[in-house]
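K.L.:
Sequence:
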Amino acid sequence: MSFTRADVDIIRREPGFSGFYRLDILTLRHRLFAGGWGPELRRELFVRPDAVCVLPYDPWQDTVVLQEQMRVGAVDKSNNPWMIEVVAGLIEPGESPEQVAHREADEEAGLTLLELIPITRYFPSPGGSDERVHLYCALVDSRGAGGLHGLEHEGEDIRVSVWPREQALLAVEQGRIDNAASIIALQWLGLHGERLRAGAGAQP
Numbered sequence: 001m002s003f004t005r006a007d008v009d010i011i012r013r014e015p016g017f018s019g020f021y022r023l024d025i026l027t028l029r030h031r032l033f034a035g036g037w038g039p040e041l042r043r044e045l046f047v048r049p050d051a052v053c054v055l056p057y058d059p060w061q062d063t064v065v066l067q068e069q070m071r072v073g074a075v076d077k078s079n080n081p082w083m084i085e086v087v088a089g090l091i092e093p094g095e096s097p098e099q100v101a102h103r104e105a106d107e108e109a110g111l112t113l114l115e116l117i118p119i120t121r122y123f124p125s126p127g128g129s130d131e132r133v134h135l136y137c138a139l140v141d142s143r144g145a146g147g148l149h150g151l152e153h154e155g156e157d158i159r160v161s162v163w164p165r166e167q168a169l170l171a172v173e174q175g176r177i178d179n180a181a182s183i184i185a186l187q188w189l190g191l192h193g194e195r196l197r198a199g200a201g202a203q204p
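Residue numbers (full-length UniProt numbering): 1 to 204.
Some clues are possibly wrong.
Label-pair distances were calculated between CB atoms; the ranges are [to be verified]:
| id | residue 1 | residue 2 | range |
| --- | --- | --- | --- |
| 1 | Leu28 | Pro49 | 21 to 27 Å |
| 2 | Phe20 | Gln174 | 30 to 36 Å |
| 3 | Leu32 | Glu92 | 34 to 40 Å |
The set of hints was computed from the structure by calculation and includes no laboratory data. Where is the CB? At the ideal position from N, CA and C, for every residue including glycine.
Could you build all of it, start to finish, from the sequences and the hints given here?
P.N.:
Following this line, the structure appears as structure tokens:
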């Protein structure tokens with residue numbers, strides 16, 4: 001048995017909070033695997049724009065460009081809320097995921113993306129959020145990358161650094177890199193890095 005969106009009945013949708021993000025309160029029911037409809041459920045839904053995350057990879061130097069910034073979601077549960085991450089940003093109205101990838105790479109890391117390679121799309125926390133992530137790897141020239149970046153008017157304070165691919169993979173294994181998009185992208189690169197290097201051709 002397979003279900004579709006038609007098998008979820010949203011009875012009420014009420015506003016809970018609206019700020020930089022939004023919280024909706026849903027009363028709903030859904031069909032059951034055993035047949036029939038389940039009971040009414042009350043669920044809070046964190047509503048936010050879809051996100052784009054990009055792992056910049058230099059196949060000629062076999063390096064990745066990663067960044068560090070403070071993340072409020074880690075403040076209560078980590079001794080170090082400055083997270084090591086890939087480039088990331090939210091999709092604004094009228095933008096495509098590809099446009100966001102190029103914009104954020106420039107704003108957050110000072111990088112020009114030479115080729116954008118889709119990895120996957122996924123829901124990071126579908127139990128309570130409607131966000132979907134568009135995940136990419138991007139070929140870049142990492143020579144000269146690094147330093148402090150970000151938009152001052154958005155309060156961004158981002159430190160960018162270049163890592164050997166194997167060192168970044170080790171950081172995932174050791175738990176130093178502990179956010180989903182970065183883990184997924186680096187594990188994908190661990191599987192496909194040699195293929196990307198073989199097909200990159202001469203360095204531009």
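K.L.:
Take the hints in turn and mark each one as holding or not.
P.N.:
Each hint tested on the structure:
Between Leu28 and Pro49 the beta carbon distance is about 22 Å. The supplied range of 21 to 27 Å therefore holds. A C-beta distance of roughly 33 Å is found between Phe20 and Gln174, which places it inside the suggested range of 30 to 36 Å. Between Leu32 and Glu92 the C-beta distance comes to about 39 Å, which sits within the given range of 34 to 40 Å.
Of the numbered hints given earlier, the model fails none.
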